[in-house]
Every structure is written in structure tokens, then in C-alpha cells.
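Those protein sequence lines, which keep their order, are chains A and B.
Just so we're aligned, residue 0 is where the first sequence starts under numbering that gives the first Met the number 0, counting upward by one.
Just so we're aligned, residue 0 is where the second sequence starts under numbering that gives the first Met the number 0, counting upward by one.
Be aware that a few hints might be false.
[As the list claims (entries may be wrong)] A few chain A residues that face chain B, going by a derived Cβ cut-off under 8 Å, partial list only: (1) Trp13; (2) Phe14; (3) Ala57.
Bear in mind the hints are in silico, worked out from the structure with no lab data behind them.
C-beta atoms are modelled at their ideal positions from N, C-alpha and C, and glycine is treated no differently.
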Amino acid sequence: MDMFSPVILAFTGWFNLEACLLLAGIVFIIGVWGFIVRKNVLIMLICVELMLNAVNLAFLSFARAHASSADPALKAAGESGQAAALFVIAVAAAEAAVGLAIVITYSRNRPSVDTREMDLLKH
Amino acid sequence: MADIAFLISAVVTVLCALIIVTRKNPIYSIIFMLPFFLAMSVIFVLLQAAFLAAIQIFIYGGAILVLFLFVVMLINLKSSELRDDFSLWPYVWASLGVGMFAGAVGFFINGGMTRKLAMAFEAPAKNPFLGSCESLAAPLLKEHLVPFEVVSVLIFVALLGAVILSKKRV
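Chain A with its partners taken away, still in its complex shape (with noise of 0.2 Å):
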């Protein structure tokens, strides 16, 4: 134990609320510029679950911090915080679902799932 605990001390502190809200902005940051630069429709909708799951971790370290306080209401939001983050879930499977149907029906009609290709509209 003893070998180790200098590593130990030199990590200490780093999980907190700001490294847990970067970690949630890095991630959403990383999802928006896959969203925007890709072109496959597969990796576009797989962009947006990674932005569903850096909210749900933003959620979750708010919940954190309010929970830990002395104020009911607080705690009670902290609980709220987490309900919140479910819901989300719930969402992100229902939206994944559908954007999936909507992918098989569009490349059985169509050559290509390429988003430079759906021009059916300007034609």
C-alpha cells in the first residue's frame, strides 16, 4: 500500500463538478462536430446518442452536487435530477428506434444512404 499511495495522493482531487461538466461538454462538443462533418446517416444518428449521454452525465453531476446538501428541497432536487436523466433514456431509445426504421425505408427505396445524395426534394 505504501508503493502506491504517492500515485494515489497525486490523483487526488480530480473528480469534482468541474471535471465532470468539461467531461460532459467534451463529449457533446465531439457529438455536434460528428454531426456536422459526417455524411452517413448511421454515424449522424450515432452523434446524437453520444450528445443524449453527455446531457444525461450533466444531469447527473448537478443531481450530485444538490443531493449532497443540507436543504430538503435541494435533495429533492437532486432526486428530480436523476428522474430527469431516465426520461432522457427513455427518449434517446425511442428516437433510435424510429431514426432506424426511417434508415431501412430509405435505403430500400434508395441507392445510397449518403446525405449529399438525399436530394429527391430539389429535383
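Let chain A serve as the given structure and place chain B on it in line with the hints.
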């Protein structure tokens, strides 16, 4: 210990997110969703959301991932689609906009608006039941009952919609 676990999972999360976005073949993106969701659920456990971490593994790692995998196998991507013909400008504009958004997020995080909350976060947990089934069910069945029922209707409608959309002939 929580700090080391958080650091490892944060690094895994960001690396997997970057791999997901940059792979050309969607199969690789989907395979790398699995470590992404697992690392994210480790962070959920550290944030005292044990039930949601389990739900994360069930729903994302079990259901959504397999759904994406099946769709990739169903829609047979041509090899010509697996290349992205490279043009620099979309990347430049997207990176510029995303960078500005990242700056706004960083400004918010550093703005001192969350200082008091950050202190509360570091305090030892006064609510050891946070994240258990009981503490999650109480707000769902009391003050958020209507949204909870609406979500069940939403999932039912999404189920019907997915079946009807992907039927061969309506």
C-alpha cells in the same frame, strides 16, 4: 480511488468518442460505442447513480447498440460509400463553430456560477440512498407522474411507428 477511476473512464470516454466520429466504416463506430457506454456507466456509478448506470448498460449497450448493428447489416453499404471524399472546408467551418461553442461551455464552467455547487459536490454524500431504486422511484411516482406516463405512451408510439415505417407494404 474514485479520482483514478474517474480519470481512466474519462480518458476512455473521450478517446472512444473520437474513434466513433472518425471511423469511415460504421461497424467500427458501433463496436467502439460499447467501451464508450461502459466507461460512461462507471462515471454514473461514481456519481451515485447506480440504478441509472445499470439502465445505461441495458438500454444503450444492450438494445440500442444491437439495433444499430442490425441496421448496418441490413442496409448493405456499398464500398464506394465507405470513402468520404475529403474536402477541407466543411471541417474548417465545423471546427470553427464547434470551437466557439466549446469556448462558451468553458466560460460557463469557469464563470464561478457553480462555485457553491462545486463545494457541495466535494462534500461527503449526505444522502447515501441517492441513486437507489427507491430514491429514483419516489419523484417518478409523485411529482413527475404525468411525464412518466407520457414517456410510456411515447415509447409505445415509437414502437408502432418503427414497425409501420419498416414494413414492406403499408
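Against the structure, the hints:
Evaluation of the Trp13 of chain A hint against chain B yields a held restraint, the C-beta minimum of about 4 Å falling below 8 Å. Taking 8 Å as the C-beta cut-off, the interface hint given for Phe14 of chain A holds, the closest approach to chain B being about 4 Å. For Ala57 of chain A, the shortest C-beta to C-beta distance to chain B is roughly 10 Å, which exceeds 8 Å, and the interface hint is violated.
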